[in-house]
Amino acid sequence: MEIKDEVKTPGKLSRTFITLYDVFQFMGRFFKEGFLPPYEGKELMKQCYDIGYRSLALISLTGFITGIVFTKQSRPSLAEFGATSWLPSLVGIALLRTLAPLLTSLIAAGKVGSSIGAELGSMRVTEQIDAMEVSATNPFKFLVTTRVLASTITIPILTFYTAMVGMLGALLNVSLSEGTSAKAFFQSSLESITFLDITASTIKAVIFGFTIGMVGCYQGYNSSKGTEGVGKAANSAVVIGMFLIFIEEVVSVQFFGLFRT
Amino acid sequence: MEERKPLSEQEKVIEINGLYKSFGNYHVLRGVDLELYKRENLVVLGKSGTGKSVLIKIVVGLLTPDSGEVKVLNQHVDQITYKELLALRLKVGFSFQNSALYDSMTVRENLIFPLVRNQRKLTKGEITSAVEEMLDAVGLLHTINQMPSELSGGQRKRIGIARTLILRPEIMLYDEPTAGLDPITCLEINNLINEVQERFHTSSIIITHDLTCAKAVGNRVAMLLDGKFERQGTFEDVFNTNDERVKPFYDYNFIQ
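Protein chains in written order, with my numbering: chain V, 1 to 261; chain X, 1001 to 1256.
Hints listed in this document are in silico derivations from the structure and should not be mistaken for laboratory results. Please note: incorrect hints may appear among the correct ones.
Unchecked claim - A few chain X residues facing chain V, derived, Cβ under 8 Å: (1) V1060; (2) L1062; (3) L1086; (4) L1090; (5) F1094; (6) N1098; (7) A1100; (8) P1114; (9) R1117; (10) N1118; (11) L1167; (12) R1168; (13) F1229; (14) Y1250.
To be verified - Here are the simulated DMTMM-like cross-link-like pairs (lysine to aspartate or glutamate), alpha carbons at most 20 Å apart as the crow flies: (15) V:K225 / V:E127; (16) V:K46 / X:E1109; (17) X:K1012 / X:D1033; (18) X:K1057 / X:D1033; (19) V:K42 / X:E1015; (20) X:K1083 / V:E228; (21) X:K1228 / X:E1035; (22) X:K1091 / X:E1035; (23) X:K1057 / X:E1084; (24) X:K1071 / X:E1035; (25) X:K1091 / V:D130; (26) X:K1083 / V:E40; (27) X:K1091 / X:E1198; (28) X:K1121 / V:E40; (29) V:K32 / X:E1015; (30) X:K1083 / V:D130; (31) X:K1071 / X:D1033; (32) X:K1124 / V:E40; (33) X:K1071 / X:E1011; (34) X:K1057 / X:E1015; (35) X:K1057 / V:E133; (36) X:K1057 / X:E1035; (37) V:K42 / X:D1103; (38) X:K1124 / V:E43; (39) X:K1057 / V:E127; (40) X:K1038 / X:E1195.
Don't be surprised by glycine CBs; every beta carbon is placed ideally from N, CA and C.
Okay, chain V solo, but in the shape it has when bound (with noise of 0.2 Å):
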């Protein structure tokens, strides 16, 4: 056999679209055998435990604090109307619709997404993927499958928690200021959210989870150039995963706006 001696390197457009293919490739992969048996059920359980339960602490700090802040400068804007009396009904609404699913998506996307991609990164780089390969078991599945449902699961739920304790950060400053009680609080607020709001809430977070879950799987599984590939897979993870956050929520603010007219 000849060896030819120069092999051509495609170029940037050659490679942006390389790059498209095998990522829809890996999200192909995650359909065709994610939900397919053997399941790797405890695998899933620890993902999701890592992925919501440690990232609780965080997510109540941030959502407290935005339900606190967002109240406070809200008010003298609505003081101008007259219409303090909407503040539970606004904060309510701005919470479940974008606040708490964005939220709790850049925050997820910092510390999940950057922790999946060094991880795997890690894996990748000390052959730990290769043999699991070489042992005949499916390391995609043990490894893949179960982060990006794990995150696609866990997502959804932190949101909604990170909308209830931004509540009752509102709640504290509402009280606080003007008196009003919880029960009063909570009837206003409530009564503004809509199905709709729930729904397409709980649609971008799983959508939200997804990505996160996908984008840092992806850049560790296919890290490469030992440690310094496993900081750019992280750091990879995050930038690409909220970028790609920040995407979906413009369209998914257009989209849902359709419902609402």
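Following the hints, put chain X in place on chain V, whose structure we already have.
Relative to the frame of chain V, chain X by itself:
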């Protein structure tokens, strides 16, 4: 140290013909031909970066060749389905250079991981006894509840071998089994490789550039030079030469 003798030629378990592999413009393997016979230990020698590890990664289907034929247990590795490849991998054990232990799992969990995923009908008792038997075989039963980070380099290598052996492979591929270890631990690993061959009746390819290891474990030695096996045979056959590409290898290991 006693030199090991080649076994009489029997059934071929691995057969490689005209294997080529390049990475970009770097041509690593340039027409490799190689056979591994049943129950023999074949040592593959060569300088770093000559494609020794690439060769065994192709054998186990972790890398695909550019061209050439790779037959493992009478199956063409690059022509079988993923399912068939998984079944073939059950019969081919791979011990990694850096052990590749799953660092988030204990030693016990490392051994259980491949076992339960390939033999789903095993009872808890059978799993426990299989794990303990393998750890006992490598002399590290006492480390069963330890994390990989708590083990020494030699212990990690042994656990890596135990994890591979738990699936009872017919072929073992060792990637630099003595790299980075002290001479005493190297000796222990060499003995373990020979014990594995005796006890589990495995055929093995041992990748190394450690000639002491090569002499201690190899029934046959093959030297990778310029992307090909130009010298194969007994240890003496390979090194009884004035080839300037081979002599420094021997001189560095034994004369220096």
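Going through the hints against the structure:
1. V1060: Holds, because the Cβ-Cβ distance from V1060 of chain X to chain V comes to roughly 5 Å (cut-off 8 Å).
2. L1062: 6 Å, holds
3. L1086: 5 Å, holds
4. L1090: Hint on L1090 of chain X: holds, closest Cβ of chain V at ~5 Å, below 8 Å.
5. F1094: OK, holds: F1094 of chain X within 8 Å of chain V, min 4 Å.
6. N1098: At 6 Å from the nearest chain V Cβ, N1098 of chain X passes the 8 Å test, so the hint holds.
7. A1100: 4 Å, holds
8. P1114: 4 Å, holds
9. R1117: Holds - the Cβ of R1117 of chain X comes within 8 Å of chain V, reaching about 4 Å at its closest.
10. N1118: 5 Å, holds
11. L1167: Hint on L1167 of chain X: holds, closest Cβ of chain V at ~7 Å, below 8 Å.
12. R1168: This interface hint is violated because 12 Å lies over the 8 Å limit.
13. F1229: 16 Å, violated
14. Y1250: The hint is violated - Y1250 of chain X has no Cβ within 8 Å of chain V, the shortest such distance being about 29 Å.
15. V:K225 / V:E127: 12 Å, holds
16. V:K46 / X:E1109: Judged against 20 Å, a Cα distance of about 15 Å means the pair holds.
17. X:K1012 / X:D1033: Cα-Cα ~13 Å, so holds.
18. X:K1057 / X:D1033: 15 Å, holds
19. V:K42 / X:E1015: At roughly 40 Å apart (the allowed maximum being 20 Å), E1015 of chain X and K42 of chain V break the hint.
20. X:K1083 / V:E228: 33 Å, violated
21. X:K1228 / X:E1035: 13 Å, holds
22. X:K1091 / X:E1035: 17 Å, holds
23. X:K1057 / X:E1084: Distance of about 17 Å is within 20 Å: holds.
24. X:K1071 / X:E1035: 9 Å, holds
25. X:K1091 / V:D130: 16 Å, holds
26. X:K1083 / V:E40: 18 Å, holds
27. X:K1091 / X:E1198: 17 Å, holds
28. X:K1121 / V:E40: 16 Å, holds
29. V:K32 / X:E1015: 34 Å, violated
30. X:K1083 / V:D130: 16 Å, holds
31. X:K1071 / X:D1033: 11 Å, holds
32. X:K1124 / V:E40: 17 Å, holds
33. X:K1071 / X:E1011: Within the cut-off at roughly 13 Å; holds.
34. X:K1057 / X:E1015: Since the Cα atoms of K1057 of chain X and E1015 of chain X sit roughly 14 Å apart, the hinted pair holds (cutoff 20 Å).
35. X:K1057 / V:E133: The hint holds at about 11 Å.
36. X:K1057 / X:E1035: 16 Å, holds
37. V:K42 / X:D1103: 18 Å, holds
38. X:K1124 / V:E43: OK: K1124 of chain X and E43 of chain V at ~18 Å, within 20 Å.
39. X:K1057 / V:E127: 12 Å, holds
40. X:K1038 / X:E1195: This hinted pair holds, its Cα atoms lying about 16 Å apart.
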